[in-house]
Amino acid sequence: MTSTVIYEILIYMRADRLLSIIWLLRGRGSMTTGQLSKELEVSTRTILRDVEALSSAGVPIYSERGPHGGIRLVAEYKTDVSALTAEESQALFASISSWGPDSLGLGKSLTSGLRKLLAATPKAYVEQTMDVASRIIVDPEGWLPVPENEQATDIFYLIQNAVFGKYSVRLKYHEKNSPNTKTKLVNPHGLVSAGASWYVCLTSDKNKETVYFQKLSRIEEVHPLPHIPIPKSEDIDVANEWKHHRTEFQKNFVPLTIYAWVKDIRWSDIREWTGRANPIPSRKTPPSPTGWTYYQLDFFDYLHAMTVLLRLNADIYIDSPTNVRDDLLALIRNIEKLYGF
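When you line the sequence shown up against this note's numbering, it's residues 126 to 466, in that order.
Where hints are given, some of them may not hold.
As the list claims (entries may be wrong) - Each computed BS3-like pair below joins lysine-lysine, with the alpha-carbon atoms no more than 25 Å apart:
no., residue 1, residue 2
1, Lys357, Lys376
2, Lys388, Lys368
3, Lys291, Lys307
4, Lys368, Lys409
5, Lys340, Lys307
6, Lys357, Lys368
7, Lys357, Lys291
Derived from the structure by calculation, the hints contain no laboratory data.
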């Protein structure tokens with residue numbers, strides 16, 4: 126499709142929606158007008174007009190009726206990304222720039238792929254695009270080194286190969302709350318990077334209906350089984366499953382609010398370690414005349430609160446709830462007993 130044709134179509138529709146329709150159909154094979162209208166946030170009538178305009182412009186797009194119908198592109202159809210705007214090309218490269226391609230477990234493949242994408246980027250934007258990408262760094266490790274069991278090892282690549290190859294594996298893994306190991310035949314459907322940890326989306330050979338996520342750091346051995354392919358009928362929407370599991374996981378947290386005096390020298394710590402730290406007026410007397418501020422501290426749950434309170438040591442004085450203060454003191458006394466004090 127030439128740039129001249131695209132400019133002609135601009136009279137009737139936005140160029141970004143035109144490209145979006147093409148890329149969506151290339152990526153998914155077939156979509157209904159309803160799916161396209163929902164994805165692009167326009168009416169189905171607008172989608173039908175867009176499809177007609179694309180067809181008139183020479184794009185090999187067609188629609189089929191019936192329960193298995195939809196809008197499709199001819200399989201052999203190809204286009205380029207020469208219609209990318211400066212902002213779009215910058216956003217693409219900035220979003221995937223990181224602390225090296227190995228952070229995604231794709232090594233040299235990501236680098237070579239980026240080179241190809243850069244080659245297809247309009248020449249007028251290349252220099253500015255690379256400059257933006259070099260200024261945006263996504264460092265999955267943070268300040269501290271990644272623990273050894275969270276680093277990408279042979280286990281990671283064996284799992285990744287099985288995910289890409291769509292075949293089963295036999296895992297030997299540690300139970301969550303025990304050093305004991307178990308062995309299980311599973312189907313890996315996808316990988317999720319969450320913080321510094323990787324998780325694999327699995328279904329069990331015995332229970333294909335239950336989807337769960339296994340932390341890779343708990344896996345001890347992986348035995349690939351390429352002769353056992355995962356049927357297409359068992360495909361999993363990994364992104365939706367992760368969102369669902371994450372939402373269910375967060376329901377286990379019971380938020381906790383604490384009112385306390387905190388030393389001013391720990392101001393940056395409480396802002397970093399708590400969910401929220403708001404200084405509020407108080408008629409209560411501080412532990413000493415100066416250097417303390419009264420805060421409302423919000424925590425994700427009780428365990429989060431106790432962990433932070435221990436780290437703050439004697440630089441926090443809990444006003445309420447009193448049971449949290451009592452629990453903290455009891456914990457300290459138990460530690461003293463353990464060491465014979």
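Going through the hints against the structure:
Of the supplied pair hints, the one linking Lys357 and Lys376 is violated, its CA atoms being roughly 32 Å apart against a limit of 25 Å. A C-alpha spacing of about 38 Å is found between Lys388 and Lys368, which places the hinted pair above 25 Å, so the restraint is violated. Only pairs whose Cα atoms come within 25 Å are accepted, and Lys291 paired with Lys307 is accepted, the gap being roughly 23 Å. This hinted pair does not check out: Lys368 and Lys409 have alpha carbons roughly 43 Å apart, beyond 25 Å.
Our distance criterion of 25 Å between C-alpha atoms is met by Lys340 and Lys307, whose separation comes to about 14 Å. For the suggested pair Lys357 and Lys368, the alpha carbons sit about 22 Å apart, so the restraint of at most 25 Å is met. Straight-line distance between C-alpha atoms of Lys357 and Lys291 comes to about 9 Å, which keeps the hinted pair within the 25 Å bound.
Comparing the model with each earlier hint shows violations of hints 1, 2, 4; every other hint is respected.
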